[in-house]
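Undergrad: Sequence:
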Amino acid sequence: MRCFIAVNANSDKLVSLTEELKNIDRGVKPVSHGNLHITLKFLGEIPEEQIKNIKTAMEESVKSLKSFTYSIKGTGTLPSKSYIRVIYADVTDGKEKLIEIHSRLENELVKLGFEKDKRIFTPHITLARVKSSGARKHILNFIEKHGKEELGRIKVTKISLMKSTLKPSGPVYQPIEEIELENL
Numbered sequence: 002m003r004c005f006i007a008v009n010a011n012s013d014k015l016v017s018l019t020e021e022l023k024n025i026d027r028g029v030k031p032v033s034h035g036n037l038h039i040t041l042k043f044l045g046e047i048p049e050e051q052i053k054n055i056k057t058a059m060e061e062s063v064k065s066l067k068s069f070t071y072s073i074k075g076t077g078t079l080p081s082k083s084y085i086r087v088i089y090a091d092v093t094d095g096k097e098k099l100i101e102i103h104s105r106l107e108n109e110l111v112k113l114g115f116e117k118d119k120r121i122f123t124p125h126i127t128l129a130r131v132k133s134s135g136a137r138k139h140i141l142n143f144i145e146k147h148g149k150e151e152l153g154r155i156k157v158t159k160i161s162l163m164k165s166t167l168k169p170s171g172p173v174y175q176p177i178e179e180i181e182l183e184n185l
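The opening position of the sequence shown corresponds to residue 2 in the numbering used here, with each subsequent residue numbered one higher.
Worth double-checking, as some hints may not be accurate.
As the list claims (entries may be wrong) - Computed beta-carbon distance windows for the label pairs:
1) 169 <-> 66: 37 to 43 Å
2) 142 <-> 113: 29 to 35 Å
3) 181 <-> 2: 37 to 43 Å
4) 3 <-> 111: 34 to 40 Å
5) 21 <-> 57: 17 to 23 Å
6) 2 <-> 154: 31 to 37 Å
7) 14 <-> 53: 32 to 38 Å
8) 68 <-> 170: 23 to 29 Å
The set of hints was computed from the structure by calculation and includes no laboratory data. On a predicted model such as this, the values are computed, not experimentally measured, just so you know. Just so it is clear, CB atoms sit at the ideal spot from N, CA and C, and this is done for glycine as well.
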């Protein structure tokens with residue numbers, strides 16, 4: 002099954018941005034409301050019998066970590082403004098904690114045979130995927146409009162192992178395991 006480890010990123014403000022993105026162009030595919038998240042680690046296809054070991058790695062990764070809040074401010078594009086494939090919301094305050102969890106996960110998961118990410122981990126929330134570049138001007142207007150906007154604060158109380166099922170209508174995410182952080 003196709004899996005990743007994530008934290009929740011659902012907020013009313015982000016939902017309203019995905020709604021706004023629906024009106025830009027049919028080549029822009031907004032993330033459905035229940036699927037908003039920050040990917041800590043993409044695992045790819047994993048056998049079901051590996052889940053127990055991944056859960057243990059997740060538990061080790063957040064051991065002694067307390068719940069925390071992160072802030073979302075501004076929007077951007079990946080990989081660049083000239084070649085747009087993703088529209089995202091940026092994580093500001095609390096970013097260091099997410100980077101720490103990612104690093105701990107990497108160190109635990111490498112013991113299970115997973116490769117470390119080749120790219121530097123940059124916490125962000127994907128708002129939409131861009132399938133065609135015809136809407137570039139409209140996307141850049143959206144980024145300009147929301148580029149510095151305060152988009153809310155979200156409390157992280159757990160990390161989740163998510164199953165991703167790809168369907169023609171878009172991916173369906175389902176939590177398989179959830180590991181709680183210590184309450185403040």
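Undergrad: Against each hint, give a clear statement of whether it holds in the structure.
TA: Comparing the hints with the structure gives:
At roughly 38 Å, the beta-carbon separation of residue 169 and residue 66 lies within the given 37 to 43 Å, and the hint holds. Checked against the hint of 29 to 35 Å, the C-beta distance between residue 142 and residue 113 comes to roughly 44 Å, which is inconsistent with it. The given range of 37 to 43 Å is broken by residue 181 and residue 2, whose C-beta atoms sit roughly 23 Å from each other. The supplied range of 34 to 40 Å is broken by residue 3 and residue 111, whose beta-carbon atoms lie about 20 Å from each other.
The hinted window of 17 to 23 Å between residue 21 and residue 57 is violated, with their beta carbons roughly 41 Å apart. One distance hint, 31 to 37 Å for the beta-carbon pair residue 2 and residue 154, holds here, with the actual separation near 32 Å. Residue 14 and residue 53 have their C-beta atoms about 37 Å apart, which keeps the hinted 32 to 38 Å range intact. A hinted range of 23 to 29 Å for the beta carbons of residue 68 and residue 170 is inconsistent with their spacing of about 33 Å.
Going down the numbered hints, you'll see the structure goes against 2, 3, 4, 5, 8, while the others check out.
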